[in-house]
Structure formats: structure tokens, C-alpha cells
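**Student:** Here is what each chain is made of, one letter per residue.
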Amino acid sequence: KAGVTQTPRYLIKTRGQQVTLSCSPISGHRSVSWYQQTPGQGLQFLFEYFSETQRNKGNFPGRFSGRQFSNSRSEMNVSTLELGDSALYLCASSLAGLAGKNTGELFFGEGSRLTVL
Amino acid sequence: AQTVTQSQPEMSVQEAETVTLSCTYDTSESDYYLFWYKQPPSRQMILVIRQEAYKQQNATENRFSVNFQKAAKSFSLKISDSQLGDAAMYFCAYRRGGNNRKLIWGLGTSLAVNP
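Protein sequence lines correspond, in order, to chains U and G. Read in order, the letters of the first sequence are residues 1 to 117 in the working numbering. Read in order, the letters of the second sequence are residues 1 to 115 in the working numbering.
Keep in mind that a hint or two might mislead.
Said to hold, decoys possible - Pairs of lysine-lysine, BS3-like flavour, derived with a Cα cap of 27 Å:
no., chain 1, residue 1, chain 2, residue 2
1, G, 73, G, 55
2, G, 78, U, 57
3, G, 78, G, 55
4, G, 73, U, 13
5, G, 55, G, 102
6, G, 102, G, 73
To be verified - Pair ranges (Cβ atoms, derived):
no., chain 1, residue 1, chain 2, residue 2, range
7, G, 46, U, 71, 24 to 32 Å
8, G, 58, U, 71, 37 to 45 Å
9, U, 70, G, 58, 26 to 34 Å
10, G, 9, U, 105, 21 to 29 Å
Keep in mind that the hints were calculated from the coordinates and are not lab data. Here a beta-carbon is modelled for each residue, glycine too, at the ideal position from N, C-alpha and C.
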């Protein structure tokens with residue numbers, strides 16, 4: 001079974017540009033979450049999508065957006081890049097079922113390393 | 001707001017020895033889950049062990065076990081018979097119960113395993 005795939009793995013952008021990152025979840029997983037990882041702030045939740053709907057959102061400015069497609073693949077976009085956006089962006093997928101005692105284990109991709117110059 | 005604290009930025013252990021990584025959390029929720037994730041230098045985050053708050057029994061997974069002290073809001077990870085492959089960043093994470101997938105993370109503990 002293929003794991004979570006993120007593309008691109010590495011990218012370099014300049015301030016003011018925009019970037020789109022892609023995430024393909026494990027087959028059958030309908031929930032996709034995005035996290036930003038930086039040395040100073042650690043891991044911070046960006047947003048979660050389930051069945052093409054944003055189900056939860058973290059405390060990030062509106063420059064950070066995302067979407068999910070009908071095949072559960074997800075993209076996140078960062079517009080007007082700032083130096084502080086340099087980070088490892090991690091995508092995670094999980095089985096998202098009905099309410100209940102679902103531990104919601106997340107399966108992570110290897111991440112997209114964004115450097116903003 | 002929920003918070004997760006890992007007070008040990010770095011730890012080291014001799015191969016074959018036992019090490020305990022600390023984690024404390026703060027929440028007013030009664031339904032939640034706790035996790036330990038491992039991030040090796042290759043960067044892919046891997047789940048090590050999970051604990052449901054409603055379970056009193058401490059979770060174990062082979063050489064990994066937790067000491068879950070719900071009243072004290074403590075969730076430590078014990079690694080027995082440490083191996084070189086255990087060297088990684090270890091993150092403690094909290095998730096509220098229900099369908100949300102938002103994890104709140106500690107800042108991590110970097111574990112070195114000495115041969």
C-alpha cells in the first residue's frame with residue numbers, strides 16, 4: 001500500500017511569490033491534515049480537510065489556504081511568501097470515520113521543504 | 001487551550017539500556033488521545049505508541065511503553081533495550097476526542113543512542 005506522497009520535496013521561492021504544495025493520501029483515507037514544522041515554533045496545525053470540506057483550521061493568516069479534491073488529494077497554497085514561511089510542510093492522512101472511539105492515527109508524508117529567500 | 005510540554009530538549013542513552021522521555025500536557029477535556037511520534041533524520045513522522053485517555057492500562061508496543069498518569073497529566077515514554085535505530089526526534093502529541101484530527105505537539109526531544 002503506497003504511503004502519503006508529497007510533492008515537491010524541496011523548493012526555493014522568493015519573497016512575494018506564491019507556492020502550491022500537493023499531497024496524495026493513502027488510498028481510502030479521506031482526511032488530510034497539514035502541519036508546518038519550524039525549529040522555533042515546532043509543529044503547528046494548519047488545517048484539515050475531509051470530503052472536500054475544511055473541517056478544522058489553525059491560527060495562520062489568510063495567506064495560507066488549502067483545498068481537497070474528490071479523490072482526497074489535497075493542495076495547500078501560500079501566497080505573498082514571507083521569509084518566516086520557510087519551513088517543512090507536512091501532510092498527514094487518516095481514516096476519518098463516524099464519531100466514536102477512533103484514535104485517528106495520522107500517517108505522514110516526508111514533507112515539502114520550502115525555503116523563502 | 002491545550003498545551004503539551006516536553007522538558008528535555010536532548011537525551012542520550014547507551015545501546016541496550018533504557019531511557020524515559022517526559023511529557024506533560026494541560027487540558028480540561030475528559031475525552032482525548034495522546035501519542036508519541038518519532039521523526040528520524042529522514043524526516044518521516046512515524047507513530048510509536050498511542051494512549052486513549054479513557055483507558056487506565058498503560059499502552060505498550062514491543063520495546064516501547066508509556067506511563068500515563070491522568071491526574072498528573074503526565075505521559076512519559078519508556079524505550080527498553082535501546083537500539084541505534086531509535087535515534088530520532090520524539091514528539092509527544094495530544095488530540096481532543098471526536099472527529100477532529102488536530103494534533104497539538106510538544107517541541108520534541110532529540111534522542112541519541114550511543115554504541
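**Student:** Each hint needs a verdict: does it hold in this structure or not?
**Tutor:** To see whether the hints hold, each was checked on the structure:
A distance of roughly 14 Å separates the Cα atoms of residue 73 of chain G and residue 55 of chain G; the hinted pair therefore holds under the 27 Å criterion. Among the hinted pairs, residue 78 of chain G with residue 57 of chain U is inconsistent with the structure: their alpha-carbon atoms are about 33 Å apart, more than 27 Å. Under the criterion of a C-alpha separation no larger than 27 Å, the hint pairing residue 78 of chain G with residue 55 of chain G is consistent with the structure, at around 18 Å. As the CA atoms of residue 73 of chain G and residue 13 of chain U are separated by approximately 42 Å, the hinted pair breaks the 27 Å bound.
Between residue 55 of chain G and residue 102 of chain G the alpha-carbon distance is near 21 Å, which keeps this suggested pair within the 27 Å criterion. With a CA separation close to 19 Å, the supplied pair residue 102 of chain G and residue 73 of chain G stays within the 27 Å bound. Checking the proposed 24 to 32 Å range against residue 46 of chain G and residue 71 of chain U shows it holds: the Cβ atoms sit about 25 Å from each other. For residue 58 of chain G and residue 71 of chain U, the hinted distance range of 37 to 45 Å is satisfied, since their beta carbons lie about 39 Å from each other.
A hinted range of 26 to 34 Å is violated for the C-beta pair residue 70 of chain U and residue 58 of chain G, which are about 41 Å apart. For the hinted restraint 21 to 29 Å between residue 9 of chain G and residue 105 of chain U, the CB-CB distance of approximately 26 Å keeps it satisfied.
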